[in-house]
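Undergrad: Taken in order, these protein sequences are the chains called A and B.
So in UniProt numbering, spot 148 of the first sequence is number 148, and the numbers just go up one at a time.
So in UniProt numbering, spot 77 of the second sequence is number 77, and the numbers just go up one at a time.
Don't read these hints as lab results, they were simulated from the structure.
Treat the hints with caution; some may be incorrect.
Some chain B residues well away from chain A (every beta-carbon gap over 12 Å; in silico) [said to hold, decoys possible]:
{"no.": "1", "residue": "Lys79"}
{"no.": "2", "residue": "Lys94"}
{"no.": "3", "residue": "Leu98"}
{"no.": "4", "residue": "Leu183"}
{"no.": "5", "residue": "Gly186"}
Computed list of lysine to aspartate or glutamate pairs in EDC-like fashion (alpha-carbon distance at most 16 Å, straight line) [stated by the list, open to error]:
{"no.": "6", "chain 1": "B", "residue 1": "Lys79", "chain 2": "A", "residue 2": "Glu121"}
{"no.": "7", "chain 1": "A", "residue 1": "Lys220", "chain 2": "A", "residue 2": "Asp157"}
{"no.": "8", "chain 1": "A", "residue 1": "Lys225", "chain 2": "A", "residue 2": "Asp176"}
{"no.": "9", "chain 1": "B", "residue 1": "Lys196", "chain 2": "B", "residue 2": "Glu152"}
{"no.": "10", "chain 1": "B", "residue 1": "Lys153", "chain 2": "A", "residue 2": "Glu214"}
{"no.": "11", "chain 1": "B", "residue 1": "Lys65", "chain 2": "B", "residue 2": "Asp92"}
{"no.": "12", "chain 1": "A", "residue 1": "Lys160", "chain 2": "B", "residue 2": "Asp47"}
{"no.": "13", "chain 1": "B", "residue 1": "Lys153", "chain 2": "B", "residue 2": "Glu190"}
{"no.": "14", "chain 1": "B", "residue 1": "Lys153", "chain 2": "B", "residue 2": "Asp92"}
{"no.": "15", "chain 1": "B", "residue 1": "Lys94", "chain 2": "B", "residue 2": "Glu48"}
{"no.": "16", "chain 1": "B", "residue 1": "Lys147", "chain 2": "B", "residue 2": "Asp92"}
{"no.": "17", "chain 1": "A", "residue 1": "Lys104", "chain 2": "A", "residue 2": "Glu131"}
{"no.": "18", "chain 1": "B", "residue 1": "Lys81", "chain 2": "A", "residue 2": "Asp84"}
{"no.": "19", "chain 1": "B", "residue 1": "Lys79", "chain 2": "B", "residue 2": "Glu61"}
{"no.": "20", "chain 1": "B", "residue 1": "Lys157", "chain 2": "A", "residue 2": "Glu73"}
{"no.": "21", "chain 1": "B", "residue 1": "Lys94", "chain 2": "A", "residue 2": "Asp173"}
{"no.": "22", "chain 1": "B", "residue 1": "Lys41", "chain 2": "A", "residue 2": "Asp173"}
{"no.": "23", "chain 1": "A", "residue 1": "Lys53", "chain 2": "A", "residue 2": "Asp84"}
{"no.": "24", "chain 1": "B", "residue 1": "Lys4", "chain 2": "B", "residue 2": "Glu61"}
{"no.": "25", "chain 1": "B", "residue 1": "Lys94", "chain 2": "A", "residue 2": "Asp84"}
{"no.": "26", "chain 1": "B", "residue 1": "Lys136", "chain 2": "B", "residue 2": "Glu152"}
{"no.": "27", "chain 1": "A", "residue 1": "Lys206", "chain 2": "A", "residue 2": "Glu145"}
{"no.": "28", "chain 1": "A", "residue 1": "Lys106", "chain 2": "B", "residue 2": "Asp92"}
{"no.": "29", "chain 1": "A", "residue 1": "Lys119", "chain 2": "B", "residue 2": "Asp133"}
{"no.": "30", "chain 1": "A", "residue 1": "Lys104", "chain 2": "B", "residue 2": "Glu134"}
{"no.": "31", "chain 1": "B", "residue 1": "Lys65", "chain 2": "A", "residue 2": "Glu121"}
{"no.": "32", "chain 1": "A", "residue 1": "Lys104", "chain 2": "A", "residue 2": "Glu73"}
{"no.": "33", "chain 1": "A", "residue 1": "Lys119", "chain 2": "B", "residue 2": "Glu61"}
{"no.": "34", "chain 1": "A", "residue 1": "Lys106", "chain 2": "A", "residue 2": "Glu121"}
{"no.": "35", "chain 1": "B", "residue 1": "Lys136", "chain 2": "A", "residue 2": "Asp157"}
{"no.": "36", "chain 1": "B", "residue 1": "Lys4", "chain 2": "B", "residue 2": "Glu48"}
{"no.": "37", "chain 1": "A", "residue 1": "Lys225", "chain 2": "A", "residue 2": "Glu214"}
{"no.": "38", "chain 1": "B", "residue 1": "Lys4", "chain 2": "B", "residue 2": "Asp62"}
{"no.": "39", "chain 1": "B", "residue 1": "Lys65", "chain 2": "B", "residue 2": "Asp47"}
Here a beta-carbon is modelled for each residue, glycine too, at the ideal position from N, C-alpha and C.
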Amino acid sequence: MGCSSSVSSSQPVHRTNNIQSSYDTRGTIVVYGMIQSPATQRVLATLIEKGLKFQLKVINLKAGENLSRSYLEKQPFGTIPALDDVDGFTIYESRAISRYLEMKYKDKGTELIPKGNIKVEGLFEQAASIELSYFDSYANGIVTERIFKKMRGGEPDMNKVAELRRDLAKNLDVYDQILSTQSYLAGNMFTLADLFHLPLGSLLLKCGEDELFESRPHVKQWWNKISTRQAWKTVQAMA
Amino acid sequence: MPIKVYGTPTSTCTQRVLTTLIEKGLPYELIKVNLAAGEQKTQEYLDEKQPFGVVPVLIDEDGFKIYESRAICRYLELKYKGKGTELMPTNDVKALGLFEQAASIEMSYYDPYVSGIVFERLFKGMKGLGDPDEAKIALYREQLNAKLDVYEKILSKQPYLAGQDFTLADLFHLSYGNRLVKLNEGHFFESRPHVKDWWNRITSRPSWQQVLALA
Chain A
1 MGCSSSVSSS QPVHRTNNIQ SSYDTRGTIV VYGMIQSPAT QRVLATLIEK
51 GLKFQLKVIN LKAGENLSRS YLEKQPFGTI PALDDVDGFT IYESRAISRY
101 LEMKYKDKGT ELIPKGNIKV EGLFEQAASI ELSYFDSYAN GIVTERIFKK
151 MRGGEPDMNK VAELRRDLAK NLDVYDQILS TQSYLAGNMF TLADLFHLPL
201 GSLLLKCGED ELFESRPHVK QWWNKISTRQ AWKTVQAMA
Chain B
1 MPIKVYGTPT STCTQRVLTT LIEKGLPYEL IKVNLAAGEQ KTQEYLDEKQ
51 PFGVVPVLID EDGFKIYESR AICRYLELKY KGKGTELMPT NDVKALGLFE
101 QAASIEMSYY DPYVSGIVFE RLFKGMKGLG DPDEAKIALY REQLNAKLDV
151 YEKILSKQPY LAGQDFTLAD LFHLSYGNRL VKLNEGHFFE SRPHVKDWWN
201 RITSRPSWQQ VLALA
């Protein structure tokens with residue numbers, strides 16, 4: 001990601017969402033990551049939807065903190081985020097973390113995965129897979145060229161962007177069809193499948209790719225609904 | 001009405017679903033979709049089966065339709081929980097969390113590179129989309145090597161990606177991994193002792209052997 005941080009790498013910063021900051025992490029959920037990272041944002045949005053208190057321990061990618069021995073012990077692929085639950089259980093991969101939080105803290109805050117009906121759960125899984133198959137890699141590719149590469153002093157490959165945009169546009173045409181008969185990707189309930197789109201979707205808008213959503217009425221409506229949720233607004237305010 | 005799968009026996013994604021059905025001991029009917037003739041892109045298929053125009057699609061005994069191979073497999077495990085092999089942990093939230101972590105590892109660190117190499121070296125030519133892009137292949141190889149070095153570490157401590165038991169997270173690797181081996185790229189697995197053991201263990205499962213025999 002290469003975002004510069006004003007904090008020196010020798011002093012980890014603990015930021016909490018709404019309680020006074022503390023360096024004592026026992027009994028607290030700890031997220032290791034960076035507020036600007038899309039994957040970290042997925043986890044923060046989930047935590048806030050569930051009303052869970054947490055501390056954010058900054059892992060500064062530019063300073064290579066993700067490749068330190070202690071971090072690699074937590075996350076052997078050296079990517080962010082990772083999460084320590086209150087009992088010290090460690091888990092990584094943002095979508096896995098979100099799913100775990102939903103399972104563990106089922107009765108807190110917003111219900112993010114429908115339970116109790118196998119067909120409804122199946123359609124949730126279908127929607128979660130749609131995000132991975134037809135949105136994530138294209139959105140990530142565009143945003144990498146148009147935002148992250150630039151931040152590292154490189155120039156975007158606009159031919160690559162055009163190709164990715166064309167493919168994403170075709171997929172969003174299908175999203176528009178699906179969302180013409182239901183409010184959210186999995187059905188009529190907001191779920192993690194929608195939430196997972198928020199970080200990269202917001203970055204697409206930031207780099208001027210509005211047309212992808214604006215030109216598709218049902219996608220536009222869905223995007224407005226999910227991006228104005230309080231939890232997402234809170235995450236954006238933190239960045 | 002038996003479970004119906006729309007796809008082909010050689011499609012990597014269809015193979016995930018067939019392997020799962022066999023692991024669960026579920027009878028099914030495979031209805032072949034003519035990919036070479038572009039049947040999956042016809043308006044009828046898009047309207048009735050899968051709006052993104054790909055295979056597989058599953059229609060359950062009661063007519064319930066679901067697509068996306070990994071979603072289908074998870075659904076089958078949920079619906080037919082007590083039957084055949086258990087493919088996801090039950091009830092234990094930590095074990096489920098580690099399963100989700102393993103399932104995400106397959107999607108983040110394996111699939112993009114393996115399917116990328118297989119597309120460039122095999123499917124691209126078959127679809128008449130041009131010659132393999134050697135620069136892309138070199139990049140995929142570099143990435144895959146780095147990621148499988150981490151697999152090696154993980155699998156040195158436990159027999160399967162999610163822990164002690166075989167799960168869907170391991171199963172999802174089979175079909176593209178097989179294509180890689182058939183393209184003489186098996187060195188990715190062979191050169192890493194724990195990855196090699198894991199690969200041998202999961203590929204020798206009878207369910208996978210049966211799926212290979214269908215192709």
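Undergrad: All hints, please: hold or fail.
TA: Each hint, compared with the structure:
{"no.": "1", "hint": "Lys79", "verdict": "5 Å, violated"}
{"no.": "2", "hint": "Lys94", "verdict": "6 Å, violated"}
{"no.": "3", "hint": "Leu98", "verdict": "7 Å, violated"}
{"no.": "4", "hint": "Leu183", "verdict": "22 Å, holds"}
{"no.": "5", "hint": "Gly186", "verdict": "23 Å, holds"}
{"no.": "6", "hint": "B:Lys79 / A:Glu121", "verdict": "10 Å, holds"}
{"no.": "7", "hint": "A:Lys220 / A:Asp157", "verdict": "27 Å, violated"}
{"no.": "8", "hint": "A:Lys225 / A:Asp176", "verdict": "14 Å, holds"}
{"no.": "9", "hint": "B:Lys196 / B:Glu152", "verdict": "9 Å, holds"}
{"no.": "10", "hint": "B:Lys153 / A:Glu214", "verdict": "46 Å, violated"}
{"no.": "11", "hint": "B:Lys65 / B:Asp92", "verdict": "29 Å, violated"}
{"no.": "12", "hint": "A:Lys160 / B:Asp47", "verdict": "30 Å, violated"}
{"no.": "13", "hint": "B:Lys153 / B:Glu190", "verdict": "15 Å, holds"}
{"no.": "14", "hint": "B:Lys153 / B:Asp92", "verdict": "25 Å, violated"}
{"no.": "15", "hint": "B:Lys94 / B:Glu48", "verdict": "39 Å, violated"}
{"no.": "16", "hint": "B:Lys147 / B:Asp92", "verdict": "28 Å, violated"}
{"no.": "17", "hint": "A:Lys104 / A:Glu131", "verdict": "23 Å, violated"}
{"no.": "18", "hint": "B:Lys81 / A:Asp84", "verdict": "30 Å, violated"}
{"no.": "19", "hint": "B:Lys79 / B:Glu61", "verdict": "11 Å, holds"}
{"no.": "20", "hint": "B:Lys157 / A:Glu73", "verdict": "13 Å, holds"}
{"no.": "21", "hint": "B:Lys94 / A:Asp173", "verdict": "38 Å, violated"}
{"no.": "22", "hint": "B:Lys41 / A:Asp173", "verdict": "14 Å, holds"}
{"no.": "23", "hint": "A:Lys53 / A:Asp84", "verdict": "12 Å, holds"}
{"no.": "24", "hint": "B:Lys4 / B:Glu61", "verdict": "8 Å, holds"}
{"no.": "25", "hint": "B:Lys94 / A:Asp84", "verdict": "12 Å, holds"}
{"no.": "26", "hint": "B:Lys136 / B:Glu152", "verdict": "24 Å, violated"}
{"no.": "27", "hint": "A:Lys206 / A:Glu145", "verdict": "13 Å, holds"}
{"no.": "28", "hint": "A:Lys106 / B:Asp92", "verdict": "13 Å, holds"}
{"no.": "29", "hint": "A:Lys119 / B:Asp133", "verdict": "42 Å, violated"}
{"no.": "30", "hint": "A:Lys104 / B:Glu134", "verdict": "45 Å, violated"}
{"no.": "31", "hint": "B:Lys65 / A:Glu121", "verdict": "13 Å, holds"}
{"no.": "32", "hint": "A:Lys104 / A:Glu73", "verdict": "23 Å, violated"}
{"no.": "33", "hint": "A:Lys119 / B:Glu61", "verdict": "12 Å, holds"}
{"no.": "34", "hint": "A:Lys106 / A:Glu121", "verdict": "15 Å, holds"}
{"no.": "35", "hint": "B:Lys136 / A:Asp157", "verdict": "15 Å, holds"}
{"no.": "36", "hint": "B:Lys4 / B:Glu48", "verdict": "14 Å, holds"}
{"no.": "37", "hint": "A:Lys225 / A:Glu214", "verdict": "13 Å, holds"}
{"no.": "38", "hint": "B:Lys4 / B:Asp62", "verdict": "11 Å, holds"}
{"no.": "39", "hint": "B:Lys65 / B:Asp47", "verdict": "13 Å, holds"}
In the structure shown, a violation is registered for the earlier hints numbered 1, 2, 3, 7, 10, 11, 12, 14, 15, 16, 17, 18, 21, 26, 29, 30 and 32, in ascending order.
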